[in-house]
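There are 2 protein chains.
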Amino acid sequence: MSREIKVGLLGFGTVGSGTAEILLEQSELLKRRSGLQIRLARICDKDTETPRGLELPPGILTDDVNVLLDDPEIDIFIELMGGLEPARTFVLEAMKKGKHVVTANKALLAMHGREIFGAAEEYGVSVGFEASVGGGIPVIKAVKEGLIGNHLTTVMGIMNGTANYILTRMTDEGLDYEDALQEAQRLGYAEADPTYDVEGIDTAHKLTILASLSFGVKVELSDVFTEGITRLSLLDIDFARDLGYRIKLLAIARNTKHGTELRVHPTMVPESHLLGQIGGAYNAFYIIGDSVGKVLLYGLGAGKMPTGSAVVADVVDMARNIASSASVQTSSFGIPFKSLGSPDLIPMDSLVSRYYFRFSVLDRPGVLAGIAGILGDLGISIESVVQEGRGSEASVSIVMLTHEAEEVRVSRALKKIDALDVVSDRTVVIRIEDLQALEG
Amino acid sequence: MSREIKVGLLGFGTVGSGTAEILLEQSELLKRRSGLQIRLARICDKDTETPRGLELPPGILTDDVNVLLDDPEIDIFIELMGGLEPARTFVLEAMKKGKHVVTANKALLAMHGREIFGAAEEYGVSVGFEASVGGGIPVIKAVKEGLIGNHLTTVMGIMNGTANYILTRMTDEGLDYEDALQEAQRLGYAEADPTYDVEGIDTAHKLTILASLSFGVKVELSDVFTEGITRLSLLDIDFARDLGYRIKLLAIARNTKHGTELRVHPTMVPESHLLGQIGGAYNAFYIIGDSVGKVLLYGLGAGKMPTGSAVVADVVDMARNIASSASVQTSSFGIPFKSLGSPDLIPMDSLVSRYYFRFSVLDRPGVLAGIAGILGDLGISIESVVQEGRGSEASVSIVMLTHEAEEVRVSRALKKIDALDVVSDRTVVIRIEDLQALEG
Numbered sequence: 000m001s002r003e004i005k006v007g008l009l010g011f012g013t014v015g016s017g018t019a020e021i022l023l024e025q026s027e028l029l030k031r032r033s034g035l036q037i038r039l040a041r042i043c044d045k046d047t048e049t050p051r052g053l054e055l056p057p058g059i060l061t062d063d064v065n066v067l068l069d070d071p072e073i074d075i076f077i078e079l080m081g082g083l084e085p086a087r088t089f090v091l092e093a094m095k096k097g098k099h100v101v102t103a104n105k106a107l108l109a110m111h112g113r114e115i116f117g118a119a120e121e122y123g124v125s126v127g128f129e130a131s132v133g134g135g136i137p138v139i140k141a142v143k144e145g146l147i148g149n150h151l152t153t154v155m156g157i158m159n160g161t162a163n164y165i166l167t168r169m170t171d172e173g174l175d176y177e178d179a180l181q182e183a184q185r186l187g188y189a190e191a192d193p194t195y196d197v198e199g200i201d202t203a204h205k206l207t208i209l210a211s212l213s214f215g216v217k218v219e220l221s222d223v224f225t226e227g228i229t230r231l232s233l234l235d236i237d238f239a240r241d242l243g244y245r246i247k248l249l250a251i252a253r254n255t256k257h258g259t260e261l262r263v264h265p266t267m268v269p270e271s272h273l274l275g276q277i278g279g280a281y282n283a284f285y286i287i288g289d290s291v292g293k294v295l296l297y298g299l300g301a302g303k304m305p306t307g308s309a310v311v312a313d314v315v316d317m318a319r320n321i322a323s324s325a326s327v328q329t330s331s332f333g334i335p336f337k338s339l340g341s342p343d344l345i346p347m348d349s350l351v352s353r354y355y356f357r358f359s360v361l362d363r364p365g366v367l368a369g370i371a372g373i374l375g376d377l378g379i380s381i382e383s384v385v386q387e388g389r390g391s392e393a394s395v396s397i398v399m400l401t402h403e404a405e406e407v408r409v410s411r412a413l414k415k416i417d418a419l420d421v422v423s424d425r426t427v428v429i430r431i432e433d434l435q436a437l438e439g
Numbered sequence: 000m001s002r003e004i005k006v007g008l009l010g011f012g013t014v015g016s017g018t019a020e021i022l023l024e025q026s027e028l029l030k031r032r033s034g035l036q037i038r039l040a041r042i043c044d045k046d047t048e049t050p051r052g053l054e055l056p057p058g059i060l061t062d063d064v065n066v067l068l069d070d071p072e073i074d075i076f077i078e079l080m081g082g083l084e085p086a087r088t089f090v091l092e093a094m095k096k097g098k099h100v101v102t103a104n105k106a107l108l109a110m111h112g113r114e115i116f117g118a119a120e121e122y123g124v125s126v127g128f129e130a131s132v133g134g135g136i137p138v139i140k141a142v143k144e145g146l147i148g149n150h151l152t153t154v155m156g157i158m159n160g161t162a163n164y165i166l167t168r169m170t171d172e173g174l175d176y177e178d179a180l181q182e183a184q185r186l187g188y189a190e191a192d193p194t195y196d197v198e199g200i201d202t203a204h205k206l207t208i209l210a211s212l213s214f215g216v217k218v219e220l221s222d223v224f225t226e227g228i229t230r231l232s233l234l235d236i237d238f239a240r241d242l243g244y245r246i247k248l249l250a251i252a253r254n255t256k257h258g259t260e261l262r263v264h265p266t267m268v269p270e271s272h273l274l275g276q277i278g279g280a281y282n283a284f285y286i287i288g289d290s291v292g293k294v295l296l297y298g299l300g301a302g303k304m305p306t307g308s309a310v311v312a313d314v315v316d317m318a319r320n321i322a323s324s325a326s327v328q329t330s331s332f333g334i335p336f337k338s339l340g341s342p343d344l345i346p347m348d349s350l351v352s353r354y355y356f357r358f359s360v361l362d363r364p365g366v367l368a369g370i371a372g373i374l375g376d377l378g379i380s381i382e383s384v385v386q387e388g389r390g391s392e393a394s395v396s397i398v399m400l401t402h403e404a405e406e407v408r409v410s411r412a413l414k415k416i417d418a419l420d421v422v423s424d425r426t427v428v429i430r431i432e433d434l435q436a437l438e439g
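Listed in order, the protein sequences are those of chains F and C.
Just so it is clear: in the first sequence, position 44 is 43 by numbering that gives the first Met the number 0, and no numbers are missing.
Just so it is clear: in the second sequence, position 418 is 417 by numbering that gives the first Met the number 0, and no numbers are missing.
It should be emphasised that the hints constitute simulated quantities derived from the structure, not laboratory data.
Some hints could be false.
The list treats identical chains as one, so a pair stands whether inside a single copy or across any two.
Capping the alpha-carbon separation at 20 Å, the derived lysine to aspartate or glutamate pairs in DMTMM-like fashion look like this [as the list claims (entries may be wrong)]:
#1 Lys-337 to Glu-27
#2 Lys-337 to Glu-84
#3 Lys-414 to Asp-62
#4 Lys-143 to Glu-24
#5 Lys-303 to Glu-24
#6 Lys-95 to Glu-177
#7 Lys-96 to Asp-69
#8 Lys-95 to Glu-54
#9 Lys-337 to Asp-69
#10 Lys-95 to Glu-403
#11 Lys-217 to Asp-46
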């Protein structure tokens, strides 16, 4: 019957080994389910020595990417080396040679999506990127195929397992931020340099890809307002809990008649909401469509085998297309990428939200009056205030909740407040999300 | 470019109207996303008079199914009339004429799957059935494509929105079963005859389809142990809550090295587990795969537009295959249906679980001793007992929790207990699921 589909894999690290393990050890399962013989023909990595606990067919491993690129029999090129360069160059080169590409590289797609998807359309190949968002959770497939009859209005969620693990440990075990981070690093959930995860950049990469796909526009990374979790303290966590909330690093994309909202920041989510219940290294995607209503997808958003599972799903889909010599080339983005317009962005300044502030101030008379005065002048109405006991070096925390206020006024107020002599550290801001309204 | 794909729709009721609405009103969106012109060419229903609030192209509506079946230009036949006959005959006829079929008819597939999928393979057409399980939630696609690289070990969840709505209202509002059912009927969540929903039959239909697909075996409806929720009382609900549980009508399919477990019954689920948090008319599917780990999909499992959303997703997938003249005919079940073996069933008798019993007994001395004696003789160890105050007609409730016990011993014990003169009604049994172990 159909010919064998040959696959080349670039990058034999964690996800690369997981992918190779599934392709090699489950090849009978895949054949039974897809009717196709999918063969991992080549693996390229600069490190060809370190054992990965896998029995490889002899001669499969190389440190020369050209062995993959120059092999005309390789139909599918899997890029799992990560980073922008040389991944970008190799991916473009593979497409130029007529190979379809599967990648888990969210940074690459978020930063160079226009070029990558443009090249795919130019060369008539497809790009599979299920593994770039949500690890093993089939969220790209759900948005692109399963919900294709819907205008999606909201795509939000917890898209970074490292940040969620840290916040969960702070909430459940009372660890402070540094201890939780170190634990995450010890367990392999966080990298030595955790910046991308804890500063929200990785989440913003994923939101860029997901929002582009969901709303049929080309979102740039710079369109996404991004704040991380590094300044959160146990005080904030405990306060949130007492109020019936959980603090989550939430990614929110909304498509309204007023425009598109794109933001990533620590958010207070009601404990009773499903998103408030997502603990540990898990991810959850909350999608609202005009026909389907609310849908939530939950699972491990990272890791060797879950991400490998997503890579393999893309490989099989692609293999089916290749084997059927599909004459209609479906665009990787559904809509041809070059026809995607830019989003009509709602500036962050016009966001209306309730806010949680934690002011770090010197313990002197009149401080609260000064802060309250600035907020009052800008029309920001205070719902409640708690002044905590003495902190270190005579610095104390004042925690405040506001009624609904406009972000532009809040940033103006905080600029003034943070410039006060009595304010000893930058104010911590957490938005309190009215999920009911979002789900409207 | 590609030709138009023509669709015929049989059944213009609730889901039929939702499907027609999406196909007619979102045809531009679908064209933009799929690159295909998908045209709803014919709708057939015996009622051609009742307005459905849709502007239909002139002449599209007919009460003669042969107009659809005999039109060689109709590529895709959507069956949304429901029921076993004549739906079965029409679907087989459509396939015989070379039409691909999309259906939401879980009863048909659960009862006649062998015949339907067999005919599809014989005639070289495909059957889309996303809408038959989980309404708008793309769970079939997730299992069939998104998780294709996984051996799935567990597929379980809340698969009937009506039953879940009733249980949620009992739990949250203290309604008794009859009142909650009547409310569900008033709101259109339950039909006039709710038997299928509340007796677990609809859930068993869905589990039959899902387990067949997930484990690559042909499950028969009769393989599924099925119990409904009609005998649950507020007392049970409250008891469960006090113990930190929620009662859910759970469908459980497990594939272990000892065999396959298939059961549908009211189950105590820890409140802290995601499945314990699924409220109202929502469904949730909890899937465990060897690579991906745990995945949960949540959304509305029924209703006009959510189910329409799933039907349309199948139509678009099928249209893509037709337009690409895919030469590899992917089997609707992944694996050719005729090659599916039968599951190696684990008899329900060998289940080991903790149990909740509510005995209805006459308020006489020695009753508890009699019950406890029977349990003790069969080696069933009691964890705790509560005797509630007087009920009606001198009948009282004794509520009991057991340690782990074998189902075979439990059924033997209950047979004896229910035969006692002092027992005034059949004992209510709820299994307490150790989800930790299931997730092992």
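We went through each hint and held it up to the structure:
In this assembly of identical chains, Lys-337 and Glu-27 lie within 20 Å of each other by CA distance solely across copies; the values are 18 Å between and 39 Å within a copy. In this assembly of identical chains, Lys-337 and Glu-84 lie within 20 Å of each other by CA distance neither inside one copy nor across copies; the values are 23 Å within and 49 Å between. Taking the shortest Cα distances, Lys-414 and Asp-62 never come within 20 Å of each other, neither inside one copy (53 Å) nor across copies (69 Å). For the identical chains of this complex, Lys-143 and Glu-24 are inter-copy neighbours only, at 19 Å across copies versus 29 Å inside a copy, given an alpha-carbon limit of 20 Å.
Taking the shortest Cα distances, Lys-303 and Glu-24 sit within 20 Å of each other inside one copy (15 Å), while across copies they are farther apart (43 Å). For the homomeric pair Lys-95 and Glu-177, neither the shortest alpha-carbon distance inside one copy (46 Å) nor that between copies (66 Å) is at most 20 Å. Taking CA atoms no more than 20 Å apart as the test, Lys-96 paired with Asp-69 passes inside one copy only; the shortest distance there is 8 Å, against 46 Å between copies. Taking the shortest Cα distances, Lys-95 and Glu-54 never come within 20 Å of each other, neither inside one copy (32 Å) nor across copies (48 Å).
Taking the shortest alpha-carbon separations for Lys-337 and Asp-69, neither the intra-copy value of 28 Å nor the inter-copy value of 41 Å comes in at or below 20 Å. Taking the closest pair of Cα atoms, Lys-95 and Glu-403 never come within 20 Å of each other, the shortest separation being 52 Å inside a single copy and 62 Å across copies. Taking the shortest Cα distances, Lys-217 and Asp-46 never come within 20 Å of each other, neither inside one copy (36 Å) nor across copies (45 Å).
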